[in-house]
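S.K.: If you want the building blocks of each chain, they are given just below.
4 protein chains.
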Amino acid sequence: MKRIVTFILINLKSYAEGTGQRAHQIATMAQSVSEESGVEIGLAAGYIDLHPLSRHFEIPIYAQHVDGVPPGAFTGHVTASAVRQAGAVGSLLNHSERRLTLAALEAGLKALTEEKLSSVICTNNEATSAAAAALHPTYVAVEPPELIGSGVSVSKANPEIITRSVAAVREVNPEGKVLTGAGIQSGECVKIAVDLGTDGVLLASSVVKAKDPGAVLRDLVSLL
Amino acid sequence: MKRIVTFILINLKSYAEGTGQRAHQIATMAQSVSEESGVEIGLAAGYIDLHPLSRHFEIPIYAQHVDGVPPGAFTGHVTASAVRQAGAVGSLLNHSERRLTLAALEAGLKALTEEKLSSVICTNNEATSAAAAALHPTYVAVEPPELIGSGVSVSKANPEIITRSVAAVREVNPEGKVLTGAGIQSGECVKIAVDLGTDGVLLASSVVKAKDPGAVLRDLVSLL
Amino acid sequence: MKRIVTFILINLKSYAEGTGQRAHQIATMAQSVSEESGVEIGLAAGYIDLHPLSRHFEIPIYAQHVDGVPPGAFTGHVTASAVRQAGAVGSLLNHSERRLTLAALEAGLKALTEEKLSSVICTNNEATSAAAAALHPTYVAVEPPELIGSGVSVSKANPEIITRSVAAVREVNPEGKVLTGAGIQSGECVKIAVDLGTDGVLLASSVVKAKDPGAVLRDLVSLL
Amino acid sequence: MKRIVTFILINLKSYAEGTGQRAHQIATMAQSVSEESGVEIGLAAGYIDLHPLSRHFEIPIYAQHVDGVPPGAFTGHVTASAVRQAGAVGSLLNHSERRLTLAALEAGLKALTEEKLSSVICTNNEATSAAAAALHPTYVAVEPPELIGSGVSVSKANPEIITRSVAAVREVNPEGKVLTGAGIQSGECVKIAVDLGTDGVLLASSVVKAKDPGAVLRDLVSLL
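Protein chains in written order, with numbering that gives the first Met the number 0: chain A, 0 to 223; chain B, 0 to 223; chain C, 0 to 223; chain D, 0 to 223.
The reader is advised that the hints may include incorrect statements.
Said to hold, decoys possible - As a list, the in silico DSBU-like pairs of lysine-lysine whose alpha-carbon atoms are at most 35 Å apart: (1) B:210 x A:115; (2) B:109 x D:155; (3) C:109 x C:208; (4) D:115 x C:210; (5) D:109 x B:109; (6) B:190 x D:109; (7) C:155 x A:109; (8) C:210 x A:109; (9) D:210 x C:115; (10) B:109 x D:210; (11) C:210 x A:155; (12) D:155 x C:208; (13) A:115 x C:115; (14) B:210 x B:190; (15) C:109 x D:210; (16) D:190 x D:109; (17) D:109 x B:155; (18) C:208 x D:190; (19) B:208 x B:109; (20) B:208 x A:109; (21) C:115 x D:208; (22) B:115 x D:155; (23) A:210 x A:109; (24) A:210 x B:208; (25) B:208 x A:115.
No lab work stands behind these hints: they were computed from the structure.
I would like the entire structure built from these sequences, with the hints used as guidance.
M.R.: Pasting the structure below:
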């Protein structure tokens, strides 16, 4: 069975270049490239940008984190319900910049699932990818921490971690979808990642901080 | 010198009754009561409600938490800059449901100050109130944890903790402003708190979960 | 294949009744009951008691937590190497009173494994038990948080959570061993837990805070 | 009033070179240098080394962290009572490698004080030093994070942070004692720090990882 749809998820983080008007510009280009190429491109945006982005664009908008708590006495928390109401279709969980306890991760995933939202659990190696897969998220996104923001693509520097993580995920959950991240910056990186068995990529700075994000986005889909 | 302005800050937490349309209804009533009474009433809202509330209402809108990080590679974080752009005039910090390390608390406060935003540091007792005062926030909000959500007002159950905390804050920072919280539910509670030397109150469930929040708000300001 | 060995692990927590001389008394009784019954009984002790207990007793002594860091610049951390040098044969990880991020949990487990120490990962439900099993610890110990310290035995109150957790663990890892905890207090509880497919039990207050811990220990093994 | 006693506190961290036999070697040298020079030298050791070091040496032995909880159901925690029973005379709190929430910091300090143990609260800048001083610990130890482990002495690189932190501490608590840390490696660094108004120094790698820790210790006290 061929997995046909490749998913490119751009994490806007808290970058100034990924907030407010700049987020809208990236969304405009992402939507355009997605329509031209047929590749699914999503944005993981800051909470305050979720609603305007969801309202103005057709591409999937993700949150970057949700707390696995119900509506209630949770000051400073963000519920799955709140991000759904803001128009998000899913959320990252357990990003390397926002690690969660195993219990909180499972609670966050459950909260997303109950709101019929997608989930992307970030992991740092083969073992944690297998553990994440056992929770049955929509995607497991493997990002070797030593390569995040390094400018060195995981698909070139350490292709084995991709193949081993894909294998580890599929052993626990044969239907499990895998994204790969860390250092992804070109269509070649994406192509390698997909050829190694992943369902897409998670990337951030190489798009968000690019002089011409549209050019990078077009390059990313160019070999698919 | 008499401190003339009393500040009533309503923490909407993640309550379903304090989100979306319900937040707008409470804001409508809060603005009306504030205009009638001359008492300053603010709302601490969820991130996703910050922008619509700020846009539609004149009363001060606060965030419930900010991360003391600059714009950058901080997935799932909320910067002071982002909440300012959403129209917030300040933020809670270190609420009992979102405690911070001392270093993160100071970084959050600094980030708010650099964005010219107000800060309300929540504390749990006399000693932590003094420590918070040494950081020079706009307000220190003392909330004895054993009384939060108890339905027992701190101003009746434990007035000494208010007077001792006010004294502790003023010893470290003679200009320090103090809010008091935990169990506040009536105009009488507010009156006692103000008479004991505080500059206002921080409260949540007794307004947000009330059948008639407007009636509670009118009662809260009735003896000022 | 019958799993012959049942493991009873007593968590001494930070109880005054489980520290120093009191820990030695419990160890004395545990060793005696273990020898009489042939049931393996271990103690998870405070760091400071690890070395004296390991030195004076034959029963397995566990730590209650290790940090997944190598020896180095980690002030206030406890390495797997340090607990091994103190004579411990393993450690709890991710107890409900000391939850870990997924990444830290995996790092802790890896550190224990490299030191040839046993690992008991505590979990709170079926899904996290499966995730923990994917990491391949020596034991997964399922403790429904609502029953911890409740005096209500999980094996009576919620036997399905035991059978489902055992199934979830074995689906991910057919060789995975499972302990069950929360509310275990008698030989009958232990018997039910073992009959439901677990390899033993993890318990604390019903032994440590008992007037006669030896009597409780003898009761625990009485139906095996 | 001249402050006569200078305190040199060596943080052994989790260094392999500061554990077990190696900790004993450093303690032997520290005791010898302390006796020769009259300078007070203490060691902050791992939990497992607290008891043997306290038993075999006269110099003050500190823990590196305590949890501000009473004896009880706190798995994997270390109480002030436990470190006192192990012979420690005090503890670090809030080291940069083990940051605490403000509430936990105050609770830890209170627990130490109730056990009549000394407390060294680590801070990262002037503002957090003032906040720590408001809690009235035995010492505030200021360590600019950018200089920790840098090999660049705070007393040379940034003497103003020392003078400003000392001033900030003394404004809140005129009797407050201040240690300074980060990059301290020679008698000259110690001399500068003391001349700038501090009561001693906190240091780690330059002693613990030295080829000849005794020589470094002798140098540290040489200009006092």
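S.K.: Compare the structure with each hint and give your call.
M.R.: We went through each hint and held it up to the structure:
no.	hint	in the structure
1	B:210 x A:115	holds, 30 Å
2	B:109 x D:155	holds, 26 Å
3	C:109 x C:208	holds, 33 Å
4	D:115 x C:210	holds, 30 Å
5	D:109 x B:109	holds, 27 Å
6	B:190 x D:109	holds, 32 Å
7	C:155 x A:109	holds, 26 Å
8	C:210 x A:109	violated, 42 Å
9	D:210 x C:115	holds, 30 Å
10	B:109 x D:210	violated, 42 Å
11	C:210 x A:155	violated, 63 Å
12	D:155 x C:208	violated, 55 Å
13	A:115 x C:115	violated, 43 Å
14	B:210 x B:190	holds, 23 Å
15	C:109 x D:210	holds, 31 Å
16	D:190 x D:109	holds, 32 Å
17	D:109 x B:155	holds, 26 Å
18	C:208 x D:190	violated, 53 Å
19	B:208 x B:109	holds, 33 Å
20	B:208 x A:109	holds, 26 Å
21	C:115 x D:208	holds, 27 Å
22	B:115 x D:155	holds, 34 Å
23	A:210 x A:109	violated, 38 Å
24	A:210 x B:208	violated, 49 Å
25	B:208 x A:115	holds, 27 Å
Checked against the numbered hints listed earlier, the structure breaks hints 8, 10, 11, 12, 13, 18, 23 and 24; every other hint is satisfied.
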